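Visitor: For reference, the chains in residue letters:
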Amino acid sequence: MRKFLDRHWYAYAMVLPVVVVIAVLVLYPLAQGVFFTFTDINEANIANPVLDRAATYVGVGLRNYLNVLSGDSSYGSFWSTLVRTLIWTFSCVFFHYTIGLGLALLLNREVRGRAVYRVLLILPWAVPAFISAFTWKYMFNAQYGIINQGLRAIGFDDPPVWLGQNDWALVAVIVVNVWLGVPFMMVALLGGLQAIPADLYEAAEVDGATPWQRFRHITLPGLQSVSSTVVLLGIIWTFNMFAIIYLITGPNPNTRILVTYAFERFFSGASRDYAIASTYGVLILSVLLVFAGVYRRALRKQGEVW
Amino acid sequence: MTLDASSLQVVQPDRKPQRRKSRSLGASIGLHGALAIASLIAVFPVFWVLVTSFKPDARAVETTPKLFNESSVDNYVDVLSGDKGSFLSWFGNSVLIALMTTVIAVFLSATTGYAASRFRFPGKRPLLLSFLVVQMFPFAVLIVPLYNILLTLGLQGQQFGLVLVYCTTAVPFCTYMLKGYFDTIPNDIDEAGRVDGLSPFGVFWRLVLPLARPGLAVTAFYAFLTAWGEVAFASAFLSAADESKTLAVGLQVFVQQNRTEWGHLAAASILVAIPAIAVFYLVQRFLVTGLASGAVKG
Numbered sequence: 001m002r003k004f005l006d007r008h009w010y011a012y013a014m015v016l017p018v019v020v021v022i023a024v025l026v027l028y029p030l031a032q033g034v035f036f037t038f039t040d041i042n043e044a045n046i047a048n049p050v051l052d053r054a055a056t057y058v059g060v061g062l063r064n065y066l067n068v069l070s071g072d073s074s075y076g077s078f079w080s081t082l083v084r085t086l087i088w089t090f091s092c093v094f095f096h097y098t099i100g101l102g103l104a105l106l107l108n109r110e111v112r113g114r115a116v117y118r119v120l121l122i123l124p125w126a127v128p129a130f131i132s133a134f135t136w137k138y139m140f141n142a143q144y145g146i147i148n149q150g151l152r153a154i155g156f157d158d159p160p161v162w163l164g165q166n167d168w169a170l171v172a173v174i175v176v177n178v179w180l181g182v183p184f185m186m187v188a189l190l191g192g193l194q195a196i197p198a199d200l201y202e203a204a205e206v207d208g209a210t211p212w213q214r215f216r217h218i219t220l221p222g223l224q225s226v227s228s229t230v231v232l233l234g235i236i237w238t239f240n241m242f243a244i245i246y247l248i249t250g251p252n253p254n255t256r257i258l259v260t261y262a263f264e265r266f267f268s269g270a271s272r273d274y275a276i277a278s279t280y281g282v283l284i285l286s287v288l289l290v291f292a293g294v295y296r297r298a299l300r301k302q303g304e305v306w
Numbered sequence: 001m002t003l004d005a006s007s008l009q010v011v012q013p014d015r016k017p018q019r020r021k022s023r024s025l026g027a028s029i030g031l032h033g034a035l036a037i038a039s040l041i042a043v044f045p046v047f048w049v050l051v052t053s054f055k056p057d058a059r060a061v062e063t064t065p066k067l068f069n070e071s072s073v074d075n076y077v078d079v080l081s082g083d084k085g086s087f088l089s090w091f092g093n094s095v096l097i098a099l100m101t102t103v104i105a106v107f108l109s110a111t112t113g114y115a116a117s118r119f120r121f122p123g124k125r126p127l128l129l130s131f132l133v134v135q136m137f138p139f140a141v142l143i144v145p146l147y148n149i150l151l152t153l154g155l156q157g158q159q160f161g162l163v164l165v166y167c168t169t170a171v172p173f174c175t176y177m178l179k180g181y182f183d184t185i186p187n188d189i190d191e192a193g194r195v196d197g198l199s200p201f202g203v204f205w206r207l208v209l210p211l212a213r214p215g216l217a218v219t220a221f222y223a224f225l226t227a228w229g230e231v232a233f234a235s236a237f238l239s240a241a242d243e244s245k246t247l248a249v250g251l252q253v254f255v256q257q258n259r260t261e262w263g264h265l266a267a268a269s270i271l272v273a274i275p276a277i278a279v280f281y282l283v284q285r286f287l288v289t290g291l292a293s294g295a296v297k298g
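Protein chains in written order, with full-length UniProt numbering: chain A, 1 to 306; chain B, 1 to 298.
Don't take each hint at face value.
Keeping only pairs whose Cα atoms sit at most 27 Å apart, straight-line, the calculated BS3-like set for lysine-lysine is [stated by the list, open to error]: (1) K3(A) / K124(B); (2) K301(A) / K66(B); (3) K66(B) / K84(B).
Quick caveat, the hints were computed from the structure, so don't treat them as lab data.
Here the structure is a predicted model, which is why all the values come from computation and not from measurement.
Could you build the full structure based on these sequences and the hints that come with them?
Guide: Next up, the structure:
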């Protein structure tokens, strides 16, 4: 034991602050959040030192989970919201990745003005997300927005009401999120491309490989570990992406995903139902953990250690 | 170490791109065309806000778009003079909260990033894995307990409470990035320092930290942006008084149900975006994320 401490004490001393922060600010709240899902906690019965009021919420067993999982519309129609969340997540990440990869491949060539293109293409990343949300909300305005004016100008006389109570609203927020997320993927994949040794390509060229073969057998395998990481992170971030939908369409049920509904329950409405909000949080976390587990197993099968 | 693949690290950028000896004219046009269209899509929204920011609110919603329409700097004057809500206090709050978050997060994560990069110790793998898992936590599961904790501590509605909350997201992420950067600094430097009689802390403090300055700068920038643009916690945890809002919350007053003051909103947006963009371009050349180099090392 003595020897063990002698060997490792400085490592532990350096790690300690972060462990404390994570324990106090993440793990403890997480445990408490899970506990809240078995109670009926809300604004009226939470402990409030300002009002000098003790907590009066009581345990309700599994009732919150049963209510939410029943898919009842007064509890946010869990299943259809989950499906919408999955559509949102996978279409966003799919376009992030494909567009990001395409642009990274273009930027990885010797092209005049490469630095300028790179700077311009990164711009959406540099603008704070809430500013982008307002910007696109303005551009998607059905009557005066530049997007519909453009559509009318090229002959669509009856362009969609983008942010109304229909599925176009979901399309609109996906477009915005794709615009926002492409630069990150592009930069990450560009880093990946630059790490692939150039002699591999030269050797392949000498052997007479076509461009497609080079892409298929050198580029894609070379990018695999970068890709698996950024796609996983992208899925997690998009699944939990809140600001865009909240700021652009607000409580519109056609763009409701799990996180935005949880926030609705937490923040708006007279009742401020913290228990249901927490229940949603725990369910979201469970979905993501299951997904990450499956993903990891799939990677491992391909010989990728992660 | 396998988890290296997940580190978003910063490395020295721009190895020479692949050499292409010659390219046909058609391919050249296609390449530039694709890049130009993509750049246009990337830049246009920002450009359009800039154009709108000079128009009066009533002219911002005309049925035929024009570049100039009674344009003037009135919107900027209104916003800065505080006619439209206390913009300058929101700005101050955002800067203060983001700076505090940055300092605390970078300070805490530097030591851990170093330890994770250099030392083998029992529990290292679970620790790194937990940072990844923390990324998965939706704020929805933490928001109620954090609200509860802040209420108990008397920090609900206080700026410092919000800073603590932001650290939950910033610290694990910063640790990862800094670990990635420390990995790119050769271990020989540490060993030389140890031979010369420095303690492990001395090596970290006197040798590695100064060398890691670019990495620290980019990490700090990430932490800053996290706090600068956050909406959910800021909406929920700051008091409703106008002067205590951050920009992300305050700017929502321009987009009320019935009257949206697009001209003013655009002007305020530009004022918020300019500092972020400026700093972004100062650090962007370090931003080639070394996801790949981490992964290649295996």
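Visitor: Tell me, which hint numbers fail for this structure?
Guide: Failing hint: just 2.
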